[in-house]
Amino acid sequence: MLERVALGQTRFVMPGVATDGRGIVLGKLGVLVFPSIDGVISWLRLYGDEDSLDDLIPTTRIVRGKTQLGSRAFLLIIPASSSYVLDRAARCARLAGGAAYTGTSKHFIKYRDDRSPYGYDALDLGGAPAHAEWVLHGEDSVQPYLKDGEISVKTLVFRLSLRRIPGSERLDAEARRELYLTVASGLAPGLVRYLLRNRVRAEATLVDLEEKSAFAAPGEPDSYLLLRAHDLPERLVDGLRGVPGVALFRPAADGVGVEVGWRHPISVTSMSSLFARDRFYLFWGTRDRLDVVKGPLVFSAAEHLAPLTLDGMTEGALSVEERTREARSLPATAEAAGAVGVALRLVPSLAPPRRVVASLVAWEEAPRLKKLLYALPPVLLRGHQLALTDRGLLLLGGESVDVIPLGTLLTETAPGLLIPLGMDLIPRVPNDVLVQAIELAGAGGAVGASDARRLTVFPHGAPPFFVSAAALQPLERRVLARLAVPEARDASLDAGVEAAGAARVVNDPVGRFALWGFKSPPVKP
Amino acid sequence: MRELGAFLARFVRPLVAGGELHVGEPIAEAQLAAWEVELDVESELETIDEARGHIAAQLLVRAPALRFGGSDLRLAAAVYNTLVLLHPRTEGWTAKGGRRELARHVARLAAVPAAESRLDLVARHALLHNLCQLTRVDTKVTWWTGKAEFRGAPAPRRLTRWRTLRRVREEQSELALGEFAVDGARDLLGRLLGASPLTDLMTLPAAGRGFVPFRWNGQAEVLRDAELARAVAYRWLEALDAPLDAPARLRGPALAAAAWERALGDTARGGGESGAGPSHEDVRAITGFLVHLNVLVALAESAQGEPGALSPLLTAALGAAPKGGRKDEAVTGAATFFAIPEAAARVDARLVPPGLADDPRLARRYRTHRDQARLLGGEARVAQLERKLRARLGG
Numbered sequence: 001m002l003e004r005v006a007l008g009q010t011r012f013v014m015p016g017v018a019t020d021g022r023g024i025v026l027g028k029l030g031v032l033v034f035p036s037i038d039g040v041i042s043w044l045r046l047y048g049d050e051d052s053l054d055d056l057i058p059t060t061r062i063v064r065g066k067t068q069l070g071s072r073a074f075l076l077i078i079p080a081s082s083s084y085v086l087d088r089a090a091r092c093a094r095l096a097g098g099a100a101y102t103g104t105s106k107h108f109i110k111y112r113d114d115r116s117p118y119g120y121d122a123l124d125l126g127g128a129p130a131h132a133e134w135v136l137h138g139e140d141s142v143q144p145y146l147k148d149g150e151i152s153v154k155t156l157v158f159r160l161s162l163r164r165i166p167g168s169e170r171l172d173a174e175a176r177r178e179l180y181l182t183v184a185s186g187l188a189p190g191l192v193r194y195l196l197r198n199r200v201r202a203e204a205t206l207v208d209l210e211e212k213s214a215f216a217a218p219g220e221p222d223s224y225l226l227l228r229a230h231d232l233p234e235r236l237v238d239g240l241r242g243v244p245g246v247a248l249f250r251p252a253a254d255g256v257g258v259e260v261g262w263r264h265p266i267s268v269t270s271m272s273s274l275f276a277r278d279r280f281y282l283f284w285g286t287r288d289r290l291d292v293v294k295g296p297l298v299f300s301a302a303e304h305l306a307p308l309t310l311d312g313m314t315e316g317a318l319s320v321e322e323r324t325r326e327a328r329s330l331p332a333t334a335e336a337a338g339a340v341g342v343a344l345r346l347v348p349s350l351a352p353p354r355r356v357v358a359s360l361v362a363w364e365e366a367p368r369l370k371k372l373l374y375a376l377p378p379v380l381l382r383g384h385q386l387a388l389t390d391r392g393l394l395l396l397g398g399e400s401v402d403v404i405p406l407g408t409l410l411t412e413t414a415p416g417l418l419i420p421l422g423m424d425l426i427p428r429v430p431n432d433v434l435v436q437a438i439e440l441a442g443a444g445g446a447v448g449a450s451d452a453r454r455l456t457v458f459p460h461g462a463p464p465f466f467v468s469a470a471a472l473q474p475l476e477r478r479v480l481a482r483l484a485v486p487e488a489r490d491a492s493l494d495a496g497v498e499a500a501g502a503a504r505v506v507n508d509p510v511g512r513f514a515l516w517g518f519k520s521p522p523v524k525p
Numbered sequence: 001m002r003e004l005g006a007f008l009a010r011f012v013r014p015l016v017a018g019g020e021l022h023v024g025e026p027i028a029e030a031q032l033a034a035w036e037v038e039l040d041v042e043s044e045l046e047t048i049d050e051a052r053g054h055i056a057a058q059l060l061v062r063a064p065a066l067r068f069g070g071s072d073l074r075l076a077a078a079v080y081n082t083l084v085l086l087h088p089r090t091e092g093w094t095a096k097g098g099r100r101e102l103a104r105h106v107a108r109l110a111a112v113p114a115a116e117s118r119l120d121l122v123a124r125h126a127l128l129h130n131l132c133q134l135t136r137v138d139t140k141v142t143w144w145t146g147k148a149e150f151r152g153a154p155a156p157r158r159l160t161r162w163r164t165l166r167r168v169r170e171e172q173s174e175l176a177l178g179e180f181a182v183d184g185a186r187d188l189l190g191r192l193l194g195a196s197p198l199t200d201l202m203t204l205p206a207a208g209r210g211f212v213p214f215r216w217n218g219q220a221e222v223l224r225d226a227e228l229a230r231a232v233a234y235r236w237l238e239a240l241d242a243p244l245d246a247p248a249r250l251r252g253p254a255l256a257a258a259a260w261e262r263a264l265g266d267t268a269r270g271g272g273e274s275g276a277g278p279s280h281e282d283v284r285a286i287t288g289f290l291v292h293l294n295v296l297v298a299l300a301e302s303a304q305g306e307p308g309a310l311s312p313l314l315t316a317a318l319g320a321a322p323k324g325g326r327k328d329e330a331v332t333g334a335a336t337f338f339a340i341p342e343a344a345a346r347v348d349a350r351l352v353p354p355g356l357a358d359d360p361r362l363a364r365r366y367r368t369h370r371d372q373a374r375l376l377g378g379e380a381r382v383a384q385l386e387r388k389l390r391a392r393l394g395g
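If you read the sequences in order, they're chains P and R.
Counting with our numbering, you get residues 1 to 525 for the letters of the first sequence.
Counting with our numbering, you get residues 1 to 395 for the letters of the second sequence.
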């Protein structure tokens, strides 16, 4: 039997509960009871859609409980970090057909509801069986539960089948910005060639499954090519969909891909802690399985997988006639020399990372940089230089100062030449050749030793640009907005008290004979 | 007023802190005696004492704690009953006897013993400081068939309805106490000011104070308290730099000097300890205070211009003295005020302010003022004042 808790009540019969700042009875744990596993899944779906499950998952348990009469229920035991968390959990539990209790170890009392907004306390703990692991005190009964089994949250989540979402196969430009494609080994060269021919920027890696399927036939390959395609055109997406051996995945979280057209029942982003950082997870909808790939994945530019054209006979190469025709069409001027030159390109580098010397902060991130500047110590602020350009804010660190970790981190691959961290310039030529090859538009020539006071930046996915050293100014001088400082006026300390207000006589109505019979008291001798 | 709480809230508190002072039926002696017994349990006193504390804090650095007591209640009742005399319903022949009795009652209430301490002086001033600034709003209403006047009360709504149809016009005029106080009430108001010497001095430069003539009688006690005397001096000289004509800038000192000369005449005719005028010591204190004011005027001018140059203020004040006709004390008193230092120095060397030699610029300016007063006011005038003062002080 329960009794309602009053505001300010501090002593309870129920062990392990206390009131929080709002006066609500709360234990260290919350127990959500569902008659079946469906209720648990529904709760995870509801809660995951509203809030992050990451805070709960590390200590959450799903227990199959058994009563003395043999009936079974599923207990979802979650940490009750605050009454706000348990409020949301209890609401979702009621929606999923369950009930919420709170407590700390063995005894759990019904969590608050509309009838008792501060929660409940037990009238007495009664004679619960000694071997019961959980005793739930409800309004009309006390139910002890024995442990019948336990299910890992991770196992439950990974075993759930994806749901098909009609219409979600149509991807907009944002969704197509980055897609993963799994390609069967036999299709890989053809698909790579197809993508390159359609000018799709793609990277590729060969992945190995962590565990081979128990149902895999002997000799069945357990690896396939994983492509990361950027800005895949819609027509290609439509064309690739349904091709046997090719599957498209959308990144659902960091290191997680979900097949296009399908969706995991529980919001993947709300339970990212379940996914190991050194693994890549691919949720298949059509095959109803989960591929866990050993990581971390290192992608290589797919263009290197294109077949070379040494003899001019390979597909995609120019024929002799075509090459002749092309040669004739080239202008025979000095500028034509540039046309046969090899363009500099950024490619991912496997070399050890160089020291970060600068950062290119996009203008969209400028407000974040401003906030960061308030927190920077003076030493760090002094060591930076800043140039404001139309490409963004170029932040240059000093000799002994680390650059603020914001934006695209840049390393110095050659004197005055900045490239993104983890990238390298190809073709790999000596630094002096590289520097000599760079022509600075509007700067009157190439960057040489005499003109080393210019910084050339090769950003991701955009043409390079250069910044004159004169445009660099100390950060502390550059960031300060113009301060309009008015002159302080002379003022005397006003220690006076408030003067009394004006007094006005108001004649109240009195009788016509107000002074009738008024007598002055006699003078005492 | 039948209830003490209502009296305190609707009359005493506005009298101290400002607001509307409601005046109705008179307060009889028996009622006052009963109120004195009830006084300690009234919560309104806290507000009143706080407001009085603010008034005292304007004068003193460490103002004493003021508690509203029986004597304060009687003074407040005296003010109230005086204002009852100005109530339009207490006029007429039917109230003639009652008015006489009421005036007698007020006179007895105002006849409080002389203030014996700084606490008494400040407490009475904190209660009556607003007395000379009281105003009343009179309303005249005219309509298509008649007119009516309501003194100190708003016009009833029945007379102001249908303004357009009945062609109602409403005129309001704000009167100062001196404008609506009749002669009998003026005398009583003078007695009330006499009951609070500090108020009497502090309100002297006020334009609304003119309906009660100033007389030196018991105020010397204030001048013996250096902090209070300083407050009075600053109040009297606060208009010194105002863009007004000379008599208006020196209204306080001029009226005080005129009253000082009258007091010399009174005492010469038999005032002093036995009469109504100030005593021998009081005259000395008053003279010293007026000399001190002269030094302050010289000090104010010493920082500006050449200390040996003629003072425009003295030229204007001494030149404005009427040669004949009706005498205005604020004008004649200014000439007297500037002549006092010379006359006092001739009577008693102790009336020359000490420490002047420490500031040569001030000393020169003060000397220039004395020479200018003698030159423009006339040696005969200085000699006349010297004779009067010598006769009073026996120097």
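Hints in this document: simulated from the structure, not taken from any laboratory.
Hints may be right or wrong, so weigh each one.
[Claimed, not checked] The calculated lysine to any residue pairs, modelled on SDA-like cross-linking and capped at a C-alpha distance of 25 Å, are:
| hint | chain 1 | residue 1 | chain 2 | residue 2 |
| --- | --- | --- | --- | --- |
| 1 | P | Lys519 | R | Trp93 |
| 2 | R | Lys96 | P | Arg512 |
| 3 | R | Lys96 | P | Pro521 |
| 4 | P | Lys294 | P | Ser161 |
[To be verified] For each label pair, taking beta carbons as the anchor points, the in silico distance ranges come out as:
| hint | chain 1 | residue 1 | chain 2 | residue 2 | range |
| --- | --- | --- | --- | --- | --- |
| 5 | P | Asp490 | R | Glu379 | 45 to 53 Å |
| 6 | P | Ala6 | R | Gly5 | 37 to 45 Å |
| 7 | P | Glu487 | R | Thr315 | 33 to 41 Å |
| 8 | R | Gly70 | P | Phe513 | 24 to 32 Å |
| 9 | P | Arg22 | R | Gly70 | 49 to 57 Å |
| 10 | P | Asp490 | R | Arg387 | 48 to 56 Å |
| 11 | P | Phe513 | R | Gln384 | 52 to 60 Å |
| 12 | P | Phe513 | R | Arg166 | 43 to 51 Å |
| 13 | R | Arg157 | P | Ala6 | 49 to 57 Å |
| 14 | P | Asp490 | R | Gly70 | 24 to 32 Å |
| 15 | P | Glu487 | R | Arg157 | 28 to 36 Å |
Since this is a predicted model, take the numbers as computed values, not measurements.
Ideal Cβ positions, reconstructed from N, Cα and C, are used throughout, including at glycine.
So, going through the hints one by one against the coordinates:
no., hint, result
1, P:Lys519 - R:Trp93, "16 Å, holds"
2, R:Lys96 - P:Arg512, "13 Å, holds"
3, R:Lys96 - P:Pro521, "17 Å, holds"
4, P:Lys294 - P:Ser161, "22 Å, holds"
5, P:Asp490 - R:Glu379: 45 to 53 Å, "46 Å, holds"
6, P:Ala6 - R:Gly5: 37 to 45 Å, "41 Å, holds"
7, P:Glu487 - R:Thr315: 33 to 41 Å, "40 Å, holds"
8, R:Gly70 - P:Phe513: 24 to 32 Å, "30 Å, holds"
9, P:Arg22 - R:Gly70: 49 to 57 Å, "55 Å, holds"
10, P:Asp490 - R:Arg387: 48 to 56 Å, "50 Å, holds"
11, P:Phe513 - R:Gln384: 52 to 60 Å, "56 Å, holds"
12, P:Phe513 - R:Arg166: 43 to 51 Å, "32 Å, violated"
13, R:Arg157 - P:Ala6: 49 to 57 Å, "54 Å, holds"
14, P:Asp490 - R:Gly70: 24 to 32 Å, "48 Å, violated"
15, P:Glu487 - R:Arg157: 28 to 36 Å, "55 Å, violated"
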